[in-house]
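Protein chains: 2
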Amino acid sequence: MEDLYPSRINSEPTVIERKDPILHSDAGQLSPGPLTIEQLKSFDSNGFLFLPNLFSDQEVKNMQSELDGLWEEASSSTRPEVIREPQSDKVRSIFAVHRDDPMFSALARDSRLQSAVEQILGSEVYVHQSRINYKQGFNGKEFYWHSDFETWHVEDGMPRMRAVSFSILLDDNYEYNGPLMLIPGSHKYFVSCVGRTPENHYKDSLRKQEYGVPDHESLTWLAKQGGISVPTGPAGSVLMFECNTMHGSNSNITPFSRRNVFMVYNSVSNALVKPFSGQAPRPEHIATRQSSLVNK
Amino acid sequence: MEDLYPSRINSEPTVIERKDPILHSDAGQLSPGPLTIEQLKSFDSNGFLFLPNLFSDQEVKNMQSELDGLWEEASSSTRPEVIREPQSDKVRSIFAVHRDDPMFSALARDSRLQSAVEQILGSEVYVHQSRINYKQGFNGKEFYWHSDFETWHVEDGMPRMRAVSFSILLDDNYEYNGPLMLIPGSHKYFVSCVGRTPENHYKDSLRKQEYGVPDHESLTWLAKQGGISVPTGPAGSVLMFECNTMHGSNSNITPFSRRNVFMVYNSVSNALVKPFSGQAPRPEHIATRQSSLVNK
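The listed protein sequences correspond, in order, to chains A and B. In case it helps, this note's numbering puts the first sequence at residues 1 to 296. In case it helps, this note's numbering puts the second sequence at residues 1001 to 1296.
Only true hints are included.
Derived pair list, reagent style DSSO-like, types lysine-lysine, alpha-carbon separation capped at 27 Å:
1) Lys1061/B with Lys224/A
2) Lys1090/B with Lys224/A
3) Lys1224/B with Lys90/A
4) Lys188/A with Lys274/A
5) Lys1090/B with Lys1061/B
6) Lys61/A with Lys1224/B
7) Lys1041/B with Lys1188/B
8) Lys41/A with Lys224/A
9) Lys19/A with Lys274/A
10) Lys224/A with Lys19/A
11) Lys61/A with Lys90/A
12) Lys224/A with Lys188/A
Don't read these hints as lab results, they were simulated from the structure. Remember, predicted model here, so these are calculated numbers, not experimental data.
Could you build the full structure based on these sequences and the hints that come with them?
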């Protein structure tokens, strides 16, 4: 298959124009769904959409206590799904919660998420990846700028830009507890990164990304065009963002944790192929290759 | 001299009530000066005051180019005044610029700063410490929570809480480029920290603080009482804050640097004594012991 978005191949970074639609239509018609035309337009132009209070207080409470239980369990676990902070043993992320946890499995099938994403992707969808991110108070370290698609394309073999992520906020997000920052409009460009990917580096990369890192010049160019947006809001709010939107977050030294559940949907028409790096694919819990298992 | 604020002595952290005034009067009368009663009250209650656009665009430009020149010079310097980032060789701070640089020496005597601080401290003042903080884009790391007074008391022998700091913003401060965060009201409490200070640790501590670090419980207690405030504004704005106000900042992964000049004034009635740690004092460029040299 032709590599429309080559990355980690050249010695100089380049910026390529996006070759895929953002709103994917089915036979020229946008699909019906819960998002208004204004919301779709905003997603189209910015690459993200913030939905305040999509989940109720009670739903938030239930998910929070599920998070606490999983944290407890993960703290002493050596399961590969559990990723730790780069400079401590604190749990940073737990992967594949849509597969392993009944509550998050139900969340993956929740129509508030699934119908919205089907509307944007113009097709049936499946969960490509899910995880909990614990950005603990005092200790949470930064996530450097990246396009998720760049990694999913190079390391997992996602061929086209036809996936959308949800971050379900399970703590109040303030401007000061390391909230997600996004560069509006950045989803229209693909930043081709330098450096080859070593085999089996993914375990380290989930703690601290060292490959697929966009260069300073391209980031500055994107941020000067689009600025930086920092959506904040109460727990239960949801941030949905396009798979190629450049995003990252600063550290969190405040006492206030910033936990979220991250759920990625890919179009069934965009199932994974052989990784474009030419290397072995990452394991199932990071990028499932069973796209036929539509979560319905 | 009696140690009114013991710290790094006990094995358990404690919170002590402040034993000094915040607005220091001269014979029961507040001193006249540029700050309004409302501004003084706000400083008294919050422990800081934000003064937007105190310096003109032209003054900012002049200071910015001075910063560029000093950065250039510092990059290859081994002077003790130059401190580097904890995980890279990038310049993090340059100390004693009020002593070594003509422009910042003039800034130290600028009446917009000096008269305001004399109004609060109710006496003549001198510059206890000055520095430039370069919080570079992409690479700027966090400054963990601390009370400056705790360090100045333990390591430098500052006896009482009668000093005020200015941060002169030389880049636009946004909520996303690692701006200073303060806990309103925290200046009314002294968090006594645990752990003894090793001799000569200060060179490392200026890159990354490991002693005089307040505990999680005290920080959470303070932040739940007062919240967290993140003043932002254009370059040329000035943040003044009380020597005991708890503050810190997150990392800065954005392309936008967040440079500032930091100028600390101490009351001439509060000159340094022997460090309360019982150890040798830190060098002159970090804490001057020549309080007689009032900058007039």
